[in-house]
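Novice: The chain contents come next:
Number of protein chains: 2
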Amino acid sequence: MSSRQYDVLGLGNAIVDVIARADDDFLAKENLNKGSMMLIDEPRAESLYASMGQASVFSGGSAANTIVGLASFGSKAAFIGKVRADETGHAFAHDIRAMGIHFPTSAAQDGPSTARCLVLVTPDGERTMNTYLGACQKLGPDDVDEATVQASAITYLEGYLWDPPAAKEAFVKAAAIAHAAGRQVALTLSDPFCVDRYRDEFLGLIRKKTVDIVFANQHELRSLYQTADFDTALAALRDEGVLGIVTRSEHGSMVVTREETHAVPAFPIEKLVDTTGAGDLFAAGFLAGLTRDADLVTCARMGALAASEVIQHYGARPEANLRDLAQQNGLL
Amino acid sequence: MSSRQYDVLGLGNAIVDVIARADDDFLAKENLNKGSMMLIDEPRAESLYASMGQASVFSGGSAANTIVGLASFGSKAAFIGKVRADETGHAFAHDIRAMGIHFPTSAAQDGPSTARCLVLVTPDGERTMNTYLGACQKLGPDDVDEATVQASAITYLEGYLWDPPAAKEAFVKAAAIAHAAGRQVALTLSDPFCVDRYRDEFLGLIRKKTVDIVFANQHELRSLYQTADFDTALAALRDEGVLGIVTRSEHGSMVVTREETHAVPAFPIEKLVDTTGAGDLFAAGFLAGLTRDADLVTCARMGALAASEVIQHYGARPEANLRDLAQQNGLL
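In order, the protein sequence lines correspond to chains C and H.
Just remember that the working numbering sits 43 ahead of the position in the first sequence, which is counted from 1.
Just remember that the working numbering sits 43 ahead of the position in the second sequence, which is counted from 1.
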């Protein structure tokens, strides 16, 4: 096995979030499905942006948020994802590198612009996402830096990578390199509609042992097993023989393996501002614990802590230093 | 007098704020003067950005923030300022227009990029600003839309316009049009170092009656009259015969005319997050009151309310609807 340089490598869509407040009437008028992620093309991105209110811009992307969260916990982290060499892509790369994260992917010099996710946050703190994938469509197997995968204890892959066609090949290649190097592979299911689009493929990844660790929220898990009953879905996941982590918003999380089942509560919060990044940061905390060889309950508590931080402000990247926060809460 | 279409027209530098947290050691290492605004060139902007932590991007600009605040109060507002037709400029224009603000200035098609202010926010909530003026240097008298000035009850000008050479001419032209149309002209002194750079010119504007209303904070006022004693400086301002409004952070504000002096307390806050925009939003609230013919104390309370909103989150534009907030506080 090559020497371990990184605790976690993330592979995901490199996206900048454009966040505006909106009310439910706006979502209805624009035909947006509250709480979900919808893929949009560039003309739609422009027309939706034109009708949105004033916006703030934050780097985002599901796996990228997780990797930044890991760096904030003091973990050694790397990220692979595709931007274009434009102003937005420059900002994304700056923010990743500012956290000390290894980011070996070259920016596309032409083609579609850096991906943007237009995020509408309603007064209840729920976010509704509209993603123009742009340059993410250029991520392919050539971007999978073999040495980085081999040197990472866990390679973390987002389900959203199934949307841009060539990214799927990058995903499969990265998983194969990781396993050949004796490393672990984690998958997040990303979104219930993403699961709808690729259910059989995701189940295939789990059953062929392409992935060892699966993150999902309750909606994604029910979608995966096509059942309205959470316990049925959880039992099905347990039977897969993976390490499964299922988040349930304010009801905390469940961690399952064939042998163990743990229910772990959420961290209390003062005020819910914006749920963007909750699942991403949960995964960050969990993996920060796992790569420090913490027990599964501590991992889930670290996940809950990181999620509680990110939902109390706008944007999907932590504002606090998560290592300090974990120490203050007796988790490190 | 032409009919009044706008309560306030703002003329200012069109800037996008790139906000990152930083500690005092970072400010020392980068030779930054805490709490002030420093002008930087593009290479310095790039090197400082490269050394900054992950950042969020918000539209900014002093007068632009004030105008957005006015729109949030339900006032009719217009803005003149120069961006370039790049991604950053597109975002700035979107955010202004999303608030229903009339924005007649054309974007520069070439030349320097849209202005950026690199804002470092320290744990005490103080902000330190580093401005690359970029396309603002292209604002000139031709950008002063005569009809918009004539149709605005108050034309509000930022002292920072003295930095890009041609903008000064735009400032003087706008003031002349406003007065010829029987309108009022307001000036904000912007920054103590800005006052240092242009003290005689600012005093000239006041004494030649180019401006009728002057906004300053205590540091700017002391710089204007080159005295360490606040009361001496305030007396000097009162003697100018303008309407003078001086903000003093948590100690509230003073409103002076030759005949009247009012001390008005600040609004209580829960947590200071980022002082960026405090003065800009104070001016917004004050002018929102003034253009509704409110008494001077109510104007200052509206200013204090708007300032209290903006310092409790990152970014210099209000997140709340200020009209609703003013109604909840019995000010409208």
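Read the hints as simulated data drawn from the structure, not as lab findings.
Keep in mind that this is a model prediction, so the values were computed, not measured.
It cannot be assumed that every hint is accurate.
[Said to hold, decoys possible] Here are the simulated SDA-like cross-link-like pairs (lysine to any residue), alpha carbons at most 25 Å apart as the crow flies: (1) Lys72/C / Ala363/H; (2) Lys77/H / Glu362/C; (3) Lys314/C / Gly168/H; (4) Lys216/H / Gly168/H; (5) Lys314/C / Lys119/H; (6) Lys119/H / Arg281/H; (7) Lys72/C / Asn372/H; (8) Lys216/C / Pro147/C; (9) Lys314/C / Asp367/H; (10) Lys119/H / Arg64/C; (11) Lys72/C / Ala141/H.
[Stated by the list, open to error] Covered by chain H, according to a simulated footprint, are these stretches of chain C (three or more residues, beta-carbon under 8 Å): (12) 102-110; (13) 222-235.
[Unchecked claim] Listed next, the stretches of chain H that the computed footprint assigns to chain C, with coverage defined by at least 3 CB atoms under 8 Å from CB atoms of chain C: (14) 260-271; (15) 285-299.
Even glycine gets a Cβ: it sits at the ideal position worked out from N, Cα and C.
Novice: Which numbered hints turn out to be false for this structure?
Specialist: 4, 5, 6, 7, 12, 13, 14, 15
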